[in-house]
Each structure stands twice: as structure tokens, then as C-alpha cells.
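Q: Sequence:
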Amino acid sequence: MLGSMEFACAVAGAKVVLVIGHTRCGAVRCAIDNAELGNLTGLLDEIKPAIAKTEYSGERKGSNYDFVDAVARKNVELTIENIRKNSPVLKQLEDEKKIKIVGSMYHLTGGKVEFFEV
7 MLGSMEFACA VAGAKVVLVI GHTRCGAVRC AIDNAELGNL TGLLDEIKPA
57 IAKTEYSGER KGSNYDFVDA VARKNVELTI ENIRKNSPVL KQLEDEKKIK
107 IVGSMYHLTG GKVEFFEV
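Per the numbering used here: the sequence shown = residues 7 to 124.
FYI, nobody ran anything at the bench for these hints, they're computed from the structure. Ideal Cβ placement from N, Cα and C applies to all residues, glycine included. The reader is advised that the hints may include incorrect statements.
As the list claims (entries may be wrong) - Across the chosen pairs, the derived CB separations fall in these ranges:
no., residue 1, residue 2, range
1, 95, 72, 34 to 40 Å
2, 103, 54, 18 to 24 Å
3, 115, 13, 31 to 37 Å
4, 42, 95, 15 to 21 Å
5, 72, 24, 22 to 28 Å
6, 30, 98, 33 to 39 Å
What the hints assert, rightly or not - Lysine-lysine pairs mimicking DSS-like chemistry, simulated, CA-CA at most 30 Å apart:
no., residue 1, residue 2
7, 97, 118
8, 21, 91
9, 67, 118
10, 21, 103
11, 59, 106
12, 118, 103
13, 106, 118
14, 21, 118
15, 103, 91
Generate coordinates for the entire structure from the input sequences, incorporating the hints supplied.
A: Set out below in C-alpha cells:
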């Protein structure tokens with residue numbers, strides 16, 4: 007995946023890397039509730055760091071959409087951090103102001119996209 011982003015930005019001229027999550031995410035709900043299902047389990051494991059790093063004082067269950075949405079946003083933030091950490095190419099392009107790496111959340115209930123920088 008990083009190779010594709012590096013090609014898009016360094017060779018093809020893309021100017022934005024957009025990492026987008028969405029509210030009420032089923033994968034996040036399953037990861038919170040420790041669901042296991044074949045190859046899906048590995049994907050859900052990649053969400054676990056976001057669960058652990060989400061500061062939330064309420065009920066930490068997949069049925070609590072406020073928590074699910076907080077984890078989804080944290081997952082976007084951590085994904086951006088990982089892109090910067092694991093791709094010197096993209097990090098340098100961003101540092102040189104040649105690209106922007108931007109986070110966003112799509113709100114299912116209203117259809118609105120919220121953009122944010124990490």
C-alpha cells in the first residue's frame with residue numbers, strides 16, 4: 007500500500023494522501039468486541055492499537071457508537087502516523103510542502119465529511 011502511495015505522489019504527481027474513516031464502522035465494532043472470522047481476524051487486529059490508544063471514559067463496547075466513532079477517528083490518526091513513520095518518501099514530500107497527508111471522517115448519518123490534520 008505504501009508503495010502505491012509513494013508512486014502516486016512522487017511519480018504521478020498526486021498532491022494529497024487522504025486517509026478516511028467513517029462513523030458506525032462495522033470493522034471497528036468487530037475489533038472492539040474481539041470478533042474472529044477467518045481472514046477478517048488479521049484485519050481487525052490492525053485496529054487494536056487504535057482501541058488501546060483511544061481515551062474514552064464511557065462504555066468501551068462495539069454497541070456504543072460514540073466509542074466506535076472515537077476509535078475510528080483514532081485509527082485514522084494512527085494510520086497517518088504510520089504512513090509518516092514507514093515512508094521516508096512521503097514524509098519528505100510532506101516536509102517539503104509538495105503533498106499533504108490529511109485525515110477525514112465520513113459521517114454516515116448526515117453524509118458530511120470532516121477533514122482534520124494530524
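Q: Tell me the numbers of any earlier hints that the structure contravenes, in ascending order.
A: 2, 4
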